[in-house]
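For my numbering, count along the sequence shown from 1 and bump the result up by 26.
Note that these hints are calculated values from the structure, not bench results.
C-beta atoms are modelled at their ideal positions from N, C-alpha and C, and glycine is treated no differently.
A couple of the hints might just be wrong.
[To be verified] Straight-line distance between alpha carbons at most 16 Å, and here's what the computed EDC-like set of lysine to aspartate or glutamate pairs gives: (1) K117 - E57; (2) K199 - E162; (3) K105 - D65; (4) K70 - E162; (5) K105 - E68; (6) K76 - D183; (7) K105 - E127; (8) K199 - D180; (9) K199 - D183.
[Said to hold, decoys possible] Pair ranges (Cβ atoms, derived): (10) K212 - K105: 30 to 40 Å; (11) G101 - N216: 26 to 36 Å; (12) C156 - K117: 26 to 36 Å; (13) T194 - R121: 45 to 55 Å; (14) T194 - V51: 37 to 47 Å; (15) R121 - R201: 40 to 50 Å; (16) V34 - W181: 18 to 28 Å; (17) R224 - G120: 37 to 47 Å; (18) G120 - T194: 44 to 54 Å; (19) Q50 - G192: 37 to 47 Å; (20) T194 - T124: 44 to 54 Å; (21) I184 - T72: 14 to 24 Å; (22) N85 - P195: 25 to 35 Å; (23) R129 - P195: 33 to 43 Å.
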Amino acid sequence: MPRIGRVVLPNYPHHVVQRGHNRQVVFAAAEDYQRYVNDLQELKDTFGIKIYAYCLMTNHVHLLLEPGEAVAGLGQMMKALAARATRYRNKLEGRSGTLWESRYKSSVVQSESYLLACCRYIELNPVRACMVDDAEDYTWSSYRARVQLQPGFDWLDISACYSALGETPEIRKDRYISFLRQAASKHELNLIRSALQRGQLTGADRFVDEVEKISGVRLELRGQGRPRSG
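Turn these sequences into a full structure, and let the hints guide you.
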């Protein structure tokens, strides 16, 4: 199936995945993960990017990012993140060459229908991979910060969708925990994966029409409708 050209829109969330070259390990020790998290915190401000969720796995990263008006900032931040990690790994191992795949995958996300679903998808990655039993047991994702189990993450951005979960931080936290523990339906998982792998939009046909109007690009590949509840 053909892949649409990458669409990057201002003030819209984007689900981004970057993998190690030939799926090689990119995070071998706690220091590797922490360095990448530190770079996320620094570079988000440099390039004007909001970060709603992240998960660092052994050989890839999942990020939920929103560029501002300067949409080029998203690609520039991903390039800078990859370059820093590559330089660090090459120096550490006395090697040269690439660490990451040349092209990261991305999918524009329909905020009101899919943003929290994508957060859940990203933060449950270690559970689906059988690395931990619960999302709160995994150190290198945004979940622990979101539910206030890990201090020092006030740089993580709060989306309007998350804020709408309740009037207070405690209510929002409890409702998000409940949402995450519902897990995702097979349909929702397949929809998010398919949109990301094919470079499609994570949204319904109405959203595709909206993006076509904004971008001026005809998007032939359509989504599969709203995620089912549950």
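Now the hints, each set against the structure:
1. As the CA atoms of K117 and E57 are separated by approximately 14 Å, the hinted pair is consistent with the 16 Å bound.
2. At most 16 Å may separate the alpha-carbon atoms for a hinted pair to count; K199 and E162 meet this at roughly 13 Å.
3. A distance of roughly 12 Å separates the Cα atoms of K105 and D65; the hinted pair therefore holds under the 16 Å criterion.
4. Between the alpha carbons of K70 and E162 the distance comes to roughly 24 Å, so the proposed pair goes past 16 Å and is violated.
5. Note on K105 and E68: the hinted pairing holds, with a Cα-Cα distance of about 14 Å set against a maximum of 16 Å.
6. At most 16 Å may separate the alpha-carbon atoms for a hinted pair to count; K76 and D183 meet this at roughly 6 Å.
7. Distance check on the hinted pair: K105 and E127 sit about 11 Å apart at the alpha-carbon level, within 16 Å; holds.
8. With a CA separation close to 15 Å, the supplied pair K199 and D180 stays within the 16 Å bound.
9. A hinted pair counts as satisfied when its Cα atoms are at most 16 Å apart, and K199 with D183 qualifies at roughly 14 Å.
10. Between K212 and K105 the CB atoms are about 35 Å apart, so this pair conforms to the stated range of 30 to 40 Å.
11. Between G101 and N216, the C-beta spacing of about 27 Å keeps the proposed range 26 to 36 Å intact.
12. Under the hint 26 to 36 Å, the C-beta atoms of C156 and K117, about 32 Å apart, fit the expected range.
13. Take T194 and R121: their Cβ atoms lie about 50 Å apart, and the range 45 to 55 Å holds.
14. Range check, T194 to V51: about 41 Å between beta-carbon atoms, so the 37 to 47 Å window is met.
15. At roughly 47 Å, the beta-carbon separation of R121 and R201 lies within the given 40 to 50 Å, and the hint holds.
16. Take V34 and W181: their Cβ atoms lie about 22 Å apart, and the range 18 to 28 Å holds.
17. Taken as a hint, the range 37 to 47 Å holds for the pair R224 and G120, whose Cβ atoms sit roughly 39 Å apart.
18. About 52 Å separates the C-beta atoms of G120 and T194, a value consistent with the hinted range of 44 to 54 Å.
19. Take Q50 and G192: their Cβ atoms lie about 42 Å apart, and the range 37 to 47 Å holds.
20. Restraint check, T194 to T124: a C-beta distance of roughly 46 Å satisfies the suggested window 44 to 54 Å.
21. The given range of 14 to 24 Å is respected by I184 and T72, whose C-beta atoms sit roughly 20 Å from each other.
22. Checked against the hint of 25 to 35 Å, the C-beta distance between N85 and P195 comes to roughly 34 Å, which is consistent with it.
23. Range check, R129 to P195: Cβ separation about 38 Å, and the 33 to 43 Å hint holds.
The structure does not agree with numbered hint 4 stated previously, though it agrees with all others.
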